[in-house]
Amino acid sequence: MTEPGAALGKWRHDMKNQLGIILGFAELLLQELDPADARRADIQEIHSAAKRAMELLASLPSSGESAKP
Amino acid sequence: MSENRPTLLAIDDEPGMLALVERFARGLNFNVICHPEGRGAIEHVSQLHPDVVLVDLQMPDVNGLDVLKAIREVDPHCNVVLMTGHASVDSAIEAVRLGALDYLTKPLDFDRLRDLLTTVEKGIERREALMKIDADVAHQFEFQGMIGRSAAMQDLFDSIRRLAPHVRTVLITGETGTGKELVARAFHKVGPRRDRRFLTVNCSAVVDTLFESELFGHQRGAFTGATETKIGVFEHADGGTLFLDEVGELPMSVQPKLLRAVEYGEVQRVGSLESKHVDVHVIGATNRDLRAAAAGGQFRSDLYYRLGIMEIHLAPLRDRREDIPLLTAAFIRDAAKRLNRPLSGISIPAERLLQQAPWDGNIRELRNVVERACLLCEGRMLSEREITAAMKTSPRMVFGPSGSETGAERAELEGDLLSTVQRTQIDRILKRVGGNKTQAARLLGISRRSLYRWIDRLDRVEAGPSRSED
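Top to bottom, those sequences are chains L and A. In case it helps, my numbering puts the first sequence at residues 29 to 97. In case it helps, my numbering puts the second sequence at residues 13 to 482.
Please keep in mind that the hints were generated in silico from the structure rather than gathered at the bench. Among the clues, some could well be false.
Distance condition first, Cα-Cα at most 30 Å in a straight line; then the derived DSBU-like pairs of lysine-lysine [unchecked claim]:
| id | chain 1 | residue 1 | chain 2 | residue 2 |
| --- | --- | --- | --- | --- |
| 1 | A | K269 | A | K144 |
| 2 | A | K269 | A | K288 |
| 3 | A | K201 | A | K144 |
| 4 | L | K44 | A | K81 |
| 5 | L | K38 | A | K134 |
| 6 | A | K349 | A | K134 |
Produce the complete structure using the sequences and hints provided.
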C-alpha cells in the first residue's frame, strides 16, 4: 500500500470505530428506554445518522482507486 | 457479589469501544476489566484470570492474533473473542485455528455478543454445578471423615462397621498418605469405646531409649533424669484406645513388653517390680510389610501375629482413581472455606491431570496439591496452570516413590526443589496465611525447618555477597 493509501486506510478504520461507538451506545439506549419515552425519537435520529455515515464511509473508494466526481 | 460474577477482559486501543463493551457486559452481570493496549494486557492476564477476553484485532502496539496466542499460552482454556472493523477470511481462519471462541465484526452485533457471553456464563455454571454435585456425592459417601465410593472403600467402611464393636486389636497397613490414622479413629468412634480416650503414639518419633518409659511409664529414680514418677500411655489410655502409628519402627527391645501388654493387659513401669492391669484396645499402623519383616527377623513374629489378628489393608489412591473427583471436590470446598476464597470449581483439563497423576503420596498428597492450587488460584475455577504449578512443588511428584530416599537426601532434594520456586510465591503464600510458617510449610509440602532454611538462604542471596572488612 502506498503511503497516502495507508493513511487513508487508518483514517477509515478510526472513523469506523468512532461511528461504531456512536451506533453501539445509541442501540443500547434504544434497548433500555421505555417505548413511550419521548427521547427515543432523538436517539433514533442519532442512530440513523450514524448508520448513514457508516454507509457513506463504506461507499468511499478504497485506496488505489481514484475518487470519481 | 462481584467475586462470583464471571470476568470479561476487554482489550482495545479505542477508549470509547472499551466503554461500550463495559456498559454492555456489566448489564449481563459480568465483571469487566478494560485494557487500552495489548502488551500490558498480556502481562496481566495471568493475574486477572478472565473467563473471557474480547480483543481488538488491530492495535498499534500488538496484533490481536498475537494477544490471542499469548493468552492461550498462559491459559489454554481461556475463551478469547476477536473483534475487528476489517474482517478478512485470512484473519478469521487464523483466529479459529489459534482457538478463538468467535470472530466479531464492528460495529458490534449485540445479539451475537450476548449469545457468546451467555454461552461462557453457562459453561462456568455447568462446571460449578458439576463440582457441587461431586462435593454433595462426596458428602453422601463420607464415613468418619473418609470419602470413597469405590468398591475398595465401601468394603472398608463395611468392615469397620461390622468389626469395630468386637475387635480389640487391629493392624492397619497401607502406603503413606492412605489415611491409616483416620481408619484407626473410625474403629474407635464406631466401637463401644467412642466416649473414652483415643491416644496416638508415633513410634518413629520416639527416641529408642525412651520407648519403654513412654509406653509403660517409669518410677521416680528409675534412671538418670527420672525425677518424677510418670505413667505411660498404656495406663493413660486405660479403658480407651491406643493408636501406635508406624508400629513397624518399634525397637526389638520393647516388642516383648508390648506383646504382654496387648496379650494380657499387663504393663510394668520402668523401675517397678509390680505389674498393673490395663484394658486398652491397640490399633497399630504401618507402611512396612510387617509379615516380611517378621519372616526376616526384623520384627517379632509373635507380636506381628497378635497385632495382625485383624489386618486391614488400605488401597493406594492409584488403585481407586474413581474416588479422585469426589476427594478433589471435597478438598476444594474445604480449602475455599478455610482460605475464604470464592473457588467454586475445577476445569476439565485440570481434573484430568489430577485423575492421571501417580499419587505416590496418596490422599495426603492429593489434598496438599489441591490446597496449594487453591492458594495460587486468583479466579473461581482451578485451572490446569495452578494444578501443574502445585504439582511441581509437590515433593512426591519430583522425588518419586515413597521411602526411596533417606531423611538427609530428602531434605537436600527439598532444598533443590525450592530453589526453583520464586521468592514471590513463598512470600505470597506466607502473606495469605498471615505469616504462619507452619501453615505455609504445610501448603508448600515441605517441613517447617526446610521453609526456615529457604527463607534464610533467600535473605542471604538478597543481602548480596558478604563483604570482607578492609
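Quickly compare the C-alpha distance for A:K269 and A:K288 to 30 Å and report which way the hint goes. The given pair, whose Cα atoms are some 13 Å apart, holds under the 30 Å limit.
Within a Cα-Cα threshold of 30 Å, do A:K269 and A:K144 meet the stated pairing? Status violated; Cα separation ~51 Å.
Quick one, are A:K201 and A:K144 close enough, alpha carbons at most 30 Å? Holds, at roughly 28 Å.
Check whether the Cα positions of L:K38 and A:K134 lie no farther apart than 30 Å. violated (38 Å)
Keeping to a limit of 30 Å between CA atoms, is the pair of A:K349 and A:K134 held or broken? OK: A:K349 and A:K134 at ~24 Å, within 30 Å.
Is the straight-line distance between the alpha-carbon of L:K44 and that of A:K81 30 Å or less? holds (26 Å)
When held up to the earlier numbered hints, the structure conflicts with 1, 5 and fits the remainder.
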